[in-house]
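Q: In the working numbering, the protein residues as written are 12 to 220.
A portion of the hints provided could be inaccurate.
Okay, derived cross-link-like pairs now, SDA-like style, lysine to any residue, Cα gap no bigger than 20 angstroms in a straight line [stated by the list, open to error]:
hint	residue 1	residue 2
1	K172	A201
2	K17	T83
3	K146	A218
4	K188	D126
5	K77	A49
6	K188	K77
What follows is a list of derived Cβ distance ranges for each label pair [said to hold, decoys possible]:
hint	residue 1	residue 2	range
7	A218	K113	56 to 62 angstroms
8	E192	L57	28 to 34 angstroms
9	R219	D187	43 to 49 angstroms
Don't read these hints as lab results, they were simulated from the structure.
These figures come from a predicted structure and were not determined experimentally.
Think of the CB as a built atom: it goes at the ideal place given N, C-alpha and C, for glycine as much as any other residue.
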Amino acid sequence: MTEIKKQSIQTFLDELASKSATPGGGSAAALMGAQGAALVSMVCHLTIGKPKFAEVETEMQNVLKKAETLRTQLTDLIQADIDVFNQLMSKYALPKESDEEKAIRSAAIQEVLKDATDVPLQCAYACVEVIQLSKIAAEKGNPGVVTDAGAAVMAAYGALKSAALNVYVNAGSLKDKAYAEAKLAALEQATKEIDRIVEGIYQVVKARL
Numbered sequence: 012m013t014e015i016k017k018q019s020i021q022t023f024l025d026e027l028a029s030k031s032a033t034p035g036g037g038s039a040a041a042l043m044g045a046q047g048a049a050l051v052s053m054v055c056h057l058t059i060g061k062p063k064f065a066e067v068e069t070e071m072q073n074v075l076k077k078a079e080t081l082r083t084q085l086t087d088l089i090q091a092d093i094d095v096f097n098q099l100m101s102k103y104a105l106p107k108e109s110d111e112e113k114a115i116r117s118a119a120i121q122e123v124l125k126d127a128t129d130v131p132l133q134c135a136y137a138c139v140e141v142i143q144l145s146k147i148a149a150e151k152g153n154p155g156v157v158t159d160a161g162a163a164v165m166a167a168y169g170a171l172k173s174a175a176l177n178v179y180v181n182a183g184s185l186k187d188k189a190y191a192e193a194k195l196a197a198l199e200q201a202t203k204e205i206d207r208i209v210e211g212i213y214q215v216v217k218a219r220l
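Between the sequences and the hints, there should be enough to build the whole structure, so can you do that?
A: Structure below.
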């Protein structure tokens, strides 16, 4: 099978719309986040090297480097989400006739559920960083592409919220409550005030139009 990130957009969307459980919302979230990072990079590319933006040249170069790192990370998470979901489904398919089989199956499911919680959590972390970078792009980037900075923050925000839902649902199925609570606490800490921050960036974009 062709690696998901090497497929055409049409193929990905066809698979997303199909009866197959993968790719699903987690992969779509990672893709949205990657698009947000790519748009931040676009703003940087159209700002760097222009004399009128010389004062922010170094800062925008740093933003570009970080955005590209995040784009790679989020693109890889598209496949990671598919892989962990498929692993989870394979564990649910294990035999459960005897008590021993039930115990083995339950333990296997719980182990993969931890990974299924971590993958969207990593996506959420990355999206928070994209949102932070989009703020710089919106405030200091070439105003000719400020709407692209706005699209970047909204893409990353949608991705973050979507990824968070997957963290909640998988953490909720964990029997290791300490582990689950730690992951949920980490998510809450990473996304603290994010709604207000995103709205602020959106208003910055509108003000520069």
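Q: Would you mind marking each hint as holding or not holding in the structure?
A: Here is what the structure says about each hint:
no.: 1; hint: K172 with A201; in the structure: holds (12 angstroms)
no.: 2; hint: K17 with T83; in the structure: holds (13 angstroms)
no.: 3; hint: K146 with A218; in the structure: holds (13 angstroms)
no.: 4; hint: K188 with D126; in the structure: holds (15 angstroms)
no.: 5; hint: K77 with A49; in the structure: holds (11 angstroms)
no.: 6; hint: K188 with K77; in the structure: violated (34 angstroms)
no.: 7; hint: A218 with K113: 56 to 62 angstroms; in the structure: holds (60 angstroms)
no.: 8; hint: E192 with L57: 28 to 34 angstroms; in the structure: violated (44 angstroms)
no.: 9; hint: R219 with D187: 43 to 49 angstroms; in the structure: holds (47 angstroms)
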